[in-house]
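J.: Chain residues, written in single-letter form:
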Amino acid sequence: MNNAQMRLLGLIRKEFLQIVRDPSSIAIAFLMPVVLLLLFGYGVSLDSEHVPLGLVVEQPDADTASFTASFGNSRYFSSVPFRNTPEAVDAMMAGRINAVIVLRQDFARRLRQTDGAPIQLVVNGVDANTARIVEGYVTGAWGKWLEHTALQQGQTLNTPVEIVNRVWYNEELESRNFLVPGLIAVIMTLIGALLTAMVMAREWERGTMEALMVTPLAMREVILGKLIPYFILGMGGLALSVAMALWLFHVPLRGSVWLLFATSALFLLTALGMGLLISTVARSQFIAGQLAIITTFLPAFLLSGFIFDINSMPPFVQAITHVIAARYYVAILQTIFLVGNEWSVILPNALALVLLATLFLGLTRLKARKRLE
Amino acid sequence: MFSPPLSESHSPAAEQAPSDRMALEVSGVSKAFRVGNRQIEALRNVSFTVKRGVVTGLIGPDSAGKTTLMRLAAGLLLPDAGSIKVLGHDAATQSLAIQSEIGYMPQRFGLYEDLTVQENLDLYADLQGVPKSLRPARYDNLLQMAGLTAFTKRLAGQLSGGMKQKLGLACALVRQPPLLLLDEPTVGVDPLSRRELWEIVYRLVQEQGTSVLLSTAYLDEAERCDEVVLLHDGQLLDHGDPKVLRESLRGRTYAVTSGAVSKRALQTHLASSPAILDALIQGDHVRIVMEQDALPPQPGSLLPNISDVQINAVPPRFEDSFVALLKVKTDPATMITLHHTPASHATFSVAAGTAQQVITVQNLTRRFGNFSAVKDVSFIVSKGEVFGLLGANGAGKSTMFRMLCGLLPPSSGSLRVAGVDLRYAAAAARARIGYMSQKFSLYGNLSVVENLRFFSNAYGLSGKRGDTRIAWALQEFALTSSADAVSGDLSLGYKQRLALACALMHEPEILFLDEPTSGVDPLARREFWRRINALAEQGVTIMVTTHFMEEAEYCDRLAIMASGEMLTIGTPAEIKLQARSVDLPDPTMEDAFVGLITSHEAQGAAA
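Going line by line, the protein sequences match chains A and B. Counting along the first sequence from 1, when you hit position 354 you're at 365 in the working numbering, and nothing is skipped either side. Counting along the second sequence from 1, when you hit position 202 you're at 213 in the working numbering, and nothing is skipped either side.
There could be a bad hint or two in this list.
[Unchecked claim] Among the chain A residues that face chain B by a calculated CB cut under 7 Å, a handful are: (1) V31; (2) R32; (3) E216; (4) P227.
Simulated from the structure, these hints should not be mistaken for lab results. For every residue, glycine included, the Cβ atom is placed at its ideal position computed from N, Cα and C.
With the rest of the complex left out, here is chain A (with noise of 0.2 Å):
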């Protein structure tokens, strides 16, 4: 073993200590992508479901009665009776109901008429994203019931265009299988970026980085000693939440174990670049902290299309998530776990990858001198 060699492994050793004997490191490490994957796994939908619905029957009959229990037997509404609407509308001012549908005194009169009953629906607004989806459903519990009760008459109901909904990829519409994935890109910024981002800041914090430099260690044996063992511990970190993805929520793994494994190595590279290049300017922990979260952990959150698709986002902010890595390992995880091994997809976002973790890497290996200014 070289004298070079024997740096290294020196500092791999030394750095496998400090993160078995430091809470702190375990802690972001193991604890965070538990807590996480449990918290949007089990905790956030964003999916509706049981959404409370007001019902106004002015007259109750036989039709309004197959109506209304079209509404009580959906998994996605929890109906709420009402006798006249100004009750309805002071229950959605206060809150306790998202919707109310209203069937006039002559619905069943004019269901009988050749232009048909009206059904007034009144959605609350303020949350757009529910209000669209509740507008969705009950159009939808509607046509279903249409077309039930046409057929009890004997009838098949003649429309001009018929609207046959096939959903692929995430054929349950169940929103954990897309949001396990993707947490998976923010998993990996917290240890790529974060931690190692944290970690260097206490060596420069504490006096050791000065210690350190006073030896024969190069500075590119520094970065390797910091980028080695904090890839093994980012890669055990993306085999946990894989195994808890797969195992605990039961989502999908459609394309290759290894191609998963492969592009999250690319992204985890760049991860570790911006940690250590945030570590080339930031020399205390608090700082390291800050800038790391503001410029990886929360874009790796709120502009990677994660939670938030980017196609709806103003062009301003869309032209920005081109430069955040998160943005290209999100729309590799949803393709591969939901979709499959998908060359059309992985490979541009992929390349996108090489190019930021040169870049990061890059700037890091110039930027880092073994020197205090």
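Given chain A, work out where chain B should sit, using these hints.
T.: Chain B alone, transformed into the frame defined by chain A:
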């Protein structure tokens, strides 16, 4: 290109070419830093050489430029002008070659606190390329030298300050470097550990011919060096053999006592004499240094109004020569403020037994979990007394202080300050005490006047009374000219002055000083203590913590603490007397301290 193996660089200096006889050659080095919008000149055109095979001390107060110089020599900083040659390599262009050869210990020892003693050694052995086969013998040697053989499995963070210092040294020595750079290795550690470190350093020099450059702010350590480089304010004051520097003042140093007047009044009289360069309280007497061409002092001519005066010649100390050098270099403007301090009227000292008891501490204990930071401590401080708490970092001084200031409740025991039981009325007592810490708890981005206003408001002084006190502070502490200066930009001595002014805004009866002068230059320290003495003469009780032996001598009485226990209490003279033996007819405070700690540790080991 052929280069000789490293181990041969230890060969005796005399056999080498003239330029190789130097471990370090500093020529015309300047270095400035930019802090915010302020330019700090850390080093100004400094030149000197460090010989091989000897211990050279880099001596100077805080912000003299010691650390900057060390870092320049280690190739961690680039000079703005000039050059440094280390073991024949240029520090700016061949820094890796230097870093591969020298041993370096930065200020906080550079240890990984979450690694064990052995793991730290292993890491540095790996980094320094020590072959595995040589390690067992080397480790044995270093661990024995550092007294850490029994602690290899202990985490470095759980070692005492002195042990950390020795482990840091062992890590820097793992590959037997020909040159060792130690940046303030003795700061904050107890005198016993300091002595042990010096023994190790000397053994290295003798057995292995190592060259050592060691920086320190303790002037008494200068006398242990073969050569000294004196730095002040980024400039080289002098360079040479400390004994020669010291001996240049032979015949000018005396101890003055008087049975008729208090030592503080005596000092005030002496300090105002134009024939005297320096007057300093030293235990029960006042130590004076005469001006260069002054005649030997006579009681009648020097102190005509005071009876029963005795003057005895004493040997010079290194600090005398440093002060003499500084006074020459210091501009007259500063000297005016030095003499500005109003001379208090000479009053007769009050006997301790009859005086009012201002602080009463009985069987005081403070536990944190199952660790006792202060164990069963009792003492009494009288009005107008200067009482010192002496101890190393971790001895329990700060815990003691926090309890006395009412910031931390005691676990058991009783505590009365200014007649108030702190258990029941801590806030009432706090209004009557002033507190100043080593860290100068000022608002760095506020101006001098704004700081004074803030502290007077915090103590409830408003309107006319507040204005009067601020005017007093500006006048009394000669801060008028810098009233609008941002306090963060002030020099260390001025910051200290402002901090004291802030602590005195509400005219407290008791003043707590937490390591008030560590790191400031000897002139600023003298000025500070002159103010403190004047306050004590006016009846203010002073309580001071220090790990500075010199400062202990200024106290009326002091208590020495180690690992939470009070080892002894008494006047400086009484405490020094305890260490007197045939071998040590005239022990210093440090001798006394080391003796007490050694016997305390022996008791602990026996128990």
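J.: Hint by hint, say whether it matches the structure.
T.: To see whether the hints hold, each was checked on the structure:
Interface hint at A:V31: violated, since its Cβ lies 9 Å from the closest Cβ of chain B, which is beyond the 7 Å cut-off. The interface hint given for A:R32 is met, as the beta carbon of that residue sits about 4 Å from the closest beta carbon of chain B, less than 7 Å. Annotation: A:E216 was flagged as interfacial toward chain B, and the flag is violated, the nearest CB pair being 10 Å apart, outside 7 Å. A least Cβ separation of about 4 Å between A:P227 and chain B falls short of the 7 Å threshold, and the interface hint therefore holds.
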